[in-house]
Amino acid sequence: MARVSRGFQGRRPQVDADRVPPGQYVTRDFPVLSAGPTPRTPLDEWTFAIRGNVERPVSWSWEEFLALPSETVTVDIHCVTKWSKLDTTWTGVSLDTLLEAAGPMAEFVLAFCDGGYTTNVPIADLMGGRAWIAHEYGGEPLEPEHGGPARLLVPHLYFWKSAKWVRGIELHDQDEAGFWERYGYHNYGDPWKEQRYWND
Amino acid sequence: MRGPAVVWRYGTVTALIDESPHAKTIELHVPEWPGHAAGQHVDVRLTAEDGYQAQRSYSVASAPEDPRLALTVERIDDGEVSPYLTGELRIGDELELRGPIGGHFTWRAGDDGPLLLVGGGSGLVPLMAMLRHRAARSSQVDARLLVSARSLGDALYSDELETLAAADDGVVLHRTFTREQPAGWTGFTGRIDAQMLSSVGPAPAARPRIFVCGPTAFVERADDLLVELGHDPTTIRSERFGPTGG
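Residue numbers (numbering that gives the first Met the number 0), protein chains in the order written: chain L, 0 to 199; chain S, 0 to 245.
Derived from the structure by calculation, the hints contain no laboratory data.
Heads up, none of these hints are tricks.
Computed cross-link-like contacts, DMTMM-like style, restricted to lysine to aspartate or glutamate with a CA-CA straight-line distance of at most 25 Å:
1) K84(L) x E135(L)
2) K23(S) x E179(S)
3) K84(L) x E70(L)
4) K192(L) x D17(L)
5) K23(S) x E93(S)
6) K23(S) x E159(S)
7) K84(L) x E142(L)
8) K23(S) x D65(S)
9) K84(L) x D199(L)
10) K84(L) x E79(S)
11) K192(L) x E79(S)
12) K84(L) x E219(S)
13) K192(L) x E48(S)
14) K23(S) x D153(S)
15) K23(S) x D77(S)
16) K84(L) x D76(S)
17) K192(L) x E95(S)
18) K84(L) x D28(L)
19) K23(S) x D76(S)
20) K84(L) x D189(L)
21) K84(L) x E193(L)
22) K84(L) x E144(L)
23) K192(L) x D49(S)
24) K84(L) x D77(S)
Computed footprint of chain L on chain S, listed as stretches where at least three residues anywhere in the stretch have a Cβ under 8 Å from a Cβ of chain L:
25) 5-17
26) 45-58
27) 73-87
28) 100-106
29) 216-224
Don't be surprised by glycine CBs; every beta carbon is placed ideally from N, CA and C.
Take these sequences, add in the hints, and give me the full structure.
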């Protein structure tokens with residue numbers, strides 16, 4: 000049990016505490032976390048690809064991608080830097096739809112992005128209506144600093160897994176650590192188990 | 000490249016230093032601190048009497064060579080943790096923390112230069128750790144620093160930076176004051192712009208290692224300007240502070 004910090008009162012969340020994972024606080028803002036400059040890829044050069052160990056490698060242009068069936072979801076998001084944001088609304092294409100087109104044949108996914116960012120997620124976490132490639136936030140096109148034109152959205156994991164500026168996913172037979180995962184962040188990143196760093 | 004386990008520890012506050020009307024440096028003695036690299040941060044956790052806890056991240060200000068661990072914390076008036084750290088914490092108190100965390104926004108004296116460090120407000124803190132590390136190792140790497148602050152009174156570490164730049168030809172200090180300039184000020188004024196960054200240098204051809212830290216809007220602007228000036232985006236490492244937190 001942690002020792003009491005003399006004189007610390009703290010603020011209790013003004014929301015249902017069951018929605019706030021341990022060590023998180025709720026913010027109404029939408030903070031930005033990136034490791035470098037915001038990439039700006041013209042939409043006519045943008046593609047989303049699924050490659051690696053799949054039956055059929057596929058790639059969609061921006062127009063083709065927007066023509067896919069999309070869903071609008073309202074989810075809570077949790078950043079490893081401690082903020083959580085409740086009831087965020089996103090529109091995007093379900094990974095179920097995308098993966099079905101490619102025919103996945105491996106268990107591990109490495110998402111790749113403009114700017115060189117990568118993150119790894121087990122494929123099981125991208126299926127079953129739990130992950131999207133989102134291109135709208137709050138009914139508006141996703142802004143570049145928040146990952147536009149499109150980002151991965153995997154809200155049940157810490158938000159660094161929801162890779163900004165995503166350009167595709169690669170399927171691997173072996174798990175391969177992504178960008179922050181190599182720098183000491185947890186390989187899986189379940190906010191409810193507070194899996195922030197390697198040994199958590 | 001797995002490092003030491005990031006476990007919770009208790010440090011003891013050994014000194015509190017006012018850096019500006021809004022910012023305080025907390026010096027800690029942390030038994031068995033595993034060491035850190037300049038640019039890394041720690042998580043601080045506070046516990047109320049009923050067991051309620053709050054965590055926030057703070058950059059380490061001290062050089063890895065310094066036996067004390069120093070954090071500089073800017074008070075966010077409507078924050079939850081920073082008002083406690085800057086107002087309530089006393090010398091002799093224990094502070095629970097774990098780290099070091101982060102491996103991307105770091106510079107080690109063995110790394111190449113030149114260095115271009117761009118800091119807005121308390122974004123100067125991890126850059127200060129890099130300059131202190133550079134000095135502790137007597138590194139000769141060319142280091143340019145551009146600090147943006149509202150006023151001289153708001154700027155962190157001014158005396159130390161002036162001393163460092165005066166004593167070491169390898170360190171060039173530039174400051175811009177966005178709201179209020181000291182009397183007779185001949186340096187930069189206003190928000191950072193392309194001309195400012197270009198005159199601070201080094202030129203993109205020198206492929207400086209660039210570290211940018213500050214509030215989100217500051218970093219977005221600085222990064223965009225640096226890319227427009229021709230710097231390779233992969234040479235730019237940034238750390239953004241959200242609009243909330245503290």
